[in-house]
Amino acid sequence: MRASRIAAPLLALILAAAPAAARFDIGRPATPDEVAGWNTDVLPDGRGLPPGRGSVKDGAALYAQHCAACHGAKGEGKPMDRLVGGQGTLATATPVRTVGSFWPYATTLFDYIRRAMPFDAPKSLGADQVYAASAYILYLNGIVGEDAVMDAATLPKVRMPNRDGFISPDPRPDVHAKRCEKDCG
Amino acid sequence: MRDETAGRKGAARAIDRRSLLGKTATLMGGTALGGVIVPLGARAEDGANLPPHVPEWSREQGAPILAHPYGLPSPFEKDVIRRALPNRPTATSASSLTPLQHLHGVITPNGLVYERHHGGVPAIDPAQHRLLVHGLVERPLVFTMDDLMRFPAVSHIYFLECSGNTKGWKTGPANLTVQDTHGLLSCCEWTGVMLSTVLDEVGASKSAHWLLAESADAAGMDRSVPIAKAYDDAMLVYAQNGERLRPEQGYPLRLLLPGYEGNMSVKWLRRIKLGREPFETREETSKYTDLMPSGKARQFTFLMEAKSVITRPSGGQHLAGPGFYEIAGIAWSGHGKIRAVDVSTDGGVNWRSAQLQEPVLAKCLTRFRLPWHWDGAPALLQSRATDETGYVQPPQPALVEARGTHSYYHYNGIHTWRLAPGGEVTNAS
Numbered sequence: 001m002r003a004s005r006i007a008a009p010l011l012a013l014i015l016a017a018a019p020a021a022a023r024f025d026i027g028r029p030a031t032p033d034e035v036a037g038w039n040t041d042v043l044p045d046g047r048g049l050p051p052g053r054g055s056v057k058d059g060a061a062l063y064a065q066h067c068a069a070c071h072g073a074k075g076e077g078k079p080m081d082r083l084v085g086g087q088g089t090l091a092t093a094t095p096v097r098t099v100g101s102f103w104p105y106a107t108t109l110f111d112y113i114r115r116a117m118p119f120d121a122p123k124s125l126g127a128d129q130v131y132a133a134s135a136y137i138l139y140l141n142g143i144v145g146e147d148a149v150m151d152a153a154t155l156p157k158v159r160m161p162n163r164d165g166f167i168s169p170d171p172r173p174d175v176h177a178k179r180c181e182k183d184c185g
Numbered sequence: 186m187r188d189e190t191a192g193r194k195g196a197a198r199a200i201d202r203r204s205l206l207g208k209t210a211t212l213m214g215g216t217a218l219g220g221v222i223v224p225l226g227a228r229a230e231d232g233a234n235l236p237p238h239v240p241e242w243s244r245e246q247g248a249p250i251l252a253h254p255y256g257l258p259s260p261f262e263k264d265v266i267r268r269a270l271p272n273r274p275t276a277t278s279a280s281s282l283t284p285l286q287h288l289h290g291v292i293t294p295n296g297l298v299y300e301r302h303h304g305g306v307p308a309i310d311p312a313q314h315r316l317l318v319h320g321l322v323e324r325p326l327v328f329t330m331d332d333l334m335r336f337p338a339v340s341h342i343y344f345l346e347c348s349g350n351t352k353g354w355k356t357g358p359a360n361l362t363v364q365d366t367h368g369l370l371s372c373c374e375w376t377g378v379m380l381s382t383v384l385d386e387v388g389a390s391k392s393a394h395w396l397l398a399e400s401a402d403a404a405g406m407d408r409s410v411p412i413a414k415a416y417d418d419a420m421l422v423y424a425q426n427g428e429r430l431r432p433e434q435g436y437p438l439r440l441l442l443p444g445y446e447g448n449m450s451v452k453w454l455r456r457i458k459l460g461r462e463p464f465e466t467r468e469e470t471s472k473y474t475d476l477m478p479s480g481k482a483r484q485f486t487f488l489m490e491a492k493s494v495i496t497r498p499s500g501g502q503h504l505a506g507p508g509f510y511e512i513a514g515i516a517w518s519g520h521g522k523i524r525a526v527d528v529s530t531d532g533g534v535n536w537r538s539a540q541l542q543e544p545v546l547a548k549c550l551t552r553f554r555l556p557w558h559w560d561g562a563p564a565l566l567q568s569r570a571t572d573e574t575g576y577v578q579p580p581q582p583a584l585v586e587a588r589g590t591h592s593y594y595h596y597n598g599i600h601t602w603r604l605a606p607g608g609e610v611t612n613a614s
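Taken in sequence, the protein lines are chains E and D.
Just so you know, we're using our numbering here: the first sequence kicks off at 1 and counts up by one.
Just so you know, we're using our numbering here: the second sequence kicks off at 186 and counts up by one.
Hints are computed from structural coordinates only; laboratory data are not their basis.
Every value quoted in this text rests on a predicted model; they were computed, and no experiment measured them.
Just so you know, not all the hints are guaranteed correct.
To be verified - Beta-carbon label-pair distances, calculated as ranges:
hint, chain 1, residue 1, chain 2, residue 2, range
1, D, Pro-544, E, Arg-23, 31 to 37 Å
2, D, Leu-257, E, Asp-25, 41 to 47 Å
3, E, Asp-25, D, Pro-249, 22 to 28 Å
4, D, Thr-275, E, Thr-89, 21 to 27 Å
5, E, Glu-181, D, Val-239, 51 to 57 Å
6, D, Ala-413, E, Cys-184, 35 to 41 Å
For each residue, glycine too, the CB sits at the ideal point set by N, CA and C.
Next comes chain E alone, as it looks inside the complex (with noise of 0.2 Å):
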């Protein structure tokens, strides 16, 4: 528990007399470059996006090039991920969970194959090309048409299929097993 949480007359009291108490002075003020330079994740909302732009006809071009032969030329997987399908299937006997079927969030699209993507050479593409392999994966889904042209402003704003197919706070403990010890069933 912080302790700020639990009494916090005493720790004003404490911090009024001796302010540094908690620090140590160990390490650097980072600059603005370095933080610019790691903070390259994105947020549902967008935050975190970079100039730039990709239609989803660069992306198909990118997609054969870059992706097609470990994801599949259409996203159908083998040998990698399957990408691509598996809609309305998450509640049968035999779900396919892709980005079309599955991901909540496109921003997360973005985010992961700029830091993960292609996966023998990753964090090798700019941000324009991000953008392109982000509408062509969305387009084989369906989710965008084939127009389509992804930036910071419109990719926030598609709507996944599964944007409401999670659930938290986690249930558990969901099973109440009893410790029985002779003749259980």
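We have chain E already, so just place chain D on it with the hints.
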């Protein structure tokens, strides 16, 4: 002269014995060297190194010091290694399993700690590694490894379990060993600085409810962590079991979130960013979410609930015949301490309390043991853990009833090993 001959003969015998052990292992599926569990005094030997003879190794100098400046296990233990599940499409987004059937006590030796990487093991020069802490903080700071090691240090023994450990939703093949079924589990003494200490150093804002932990690996593996966990028992770790982290465990720096699914204890940690809401990364949306029969998926299911498994006798092992055996295994809970472990030899009809090896620590493996006389009849061996919250490890059908068979993660059902009259132990879960 005689000594030399005896030595050569001895060497030949040692090789014979090794190939014999190899054959036994092959017969049993290739993963169970030393898998024959023999009741006391029943092992057959050729006898030349046995009483009343003086063994060959007593009649010559052994290996010099520094033969291995960094020591190695005995060559006779060469099959006690991590193994991977077959048919993974890549070798860098992959996992390897701890050989639990060969371990004793609760500490996992560093070379046997399970691995799960999403982009391979980066080779990081610690002098060029930095931790950036920023976002909702008063002072964004950059730390070197030397900086982090200047903070007051703490050491704790905690288990680490992948939430994908044990795919028990459906019954698996009979030839699985406990390494196959439960090997995404290890336990180490971890040393580092409390995350709360570092958050105080940067002046974390009260409006920060989540933090993003990000790896420097090829995958940029990242997860959102609730701030309460950060102030509870989260550690920034640079050492395990007394030495600096192994590369595959996040060298030079990793996050360690006791009792939480292993994926969140981000390795090769380079960045912590404080924010108001979760960051919705790929690893907490596409993966590590638990799909329910309704088609909705549970998200942010962090805790590893109480679980246990018998490691001896276990799948792939072989009991040489009726007699005394100790049933032994491990139990753990992300909620805290293990309070009790019960063992059944009749498939869950009757249970007996096992002995817990002290000290029993929170969020740490607990070794349990039960003396047992096997009469040679078929048996179904099970263990059932209860933790300090009173939570009881459930049977498999109860889990399936609550969650269906597609949630993949967080399986903690009671595990069954089948013991046949011939002494073979096979997987029955």
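Range hint 22 to 28 Å (beta carbons of Asp-25 (chain E) and Pro-249 (chain D)) holds or violated
violated, 48 Å
With respect to the beta-carbon atoms only, verify the hint that Thr-275 (chain D) and Thr-89 (chain E) lie 21 to 27 Å apart.
The hinted range 21 to 27 Å holds for Thr-275 (chain D) and Thr-89 (chain E), with Cβ atoms some 25 Å apart.
Range first: 51 to 57 Å. Now tell me if the beta carbons of Glu-181 (chain E) and Val-239 (chain D) are that far apart.
Because 52 Å falls inside the window, the suggested range holds.
Could you tell me whether the CB distance from Ala-413 (chain D) to Cys-184 (chain E) stays inside 35 to 41 Å?
Hint holds: Cβ distance 38 Å, inside 35 to 41 Å.
31 to 37 Å as the expected CB spacing between Arg-23 (chain E) and Pro-544 (chain D), which holds or is violated:
holds, 35 Å
Leu-257 (chain D) and Asp-25 (chain E), beta-carbon distance inside 41 to 47 Å?
holds, 43 Å
When held up to the earlier numbered hints, the structure conflicts with hint 3 and nothing else.
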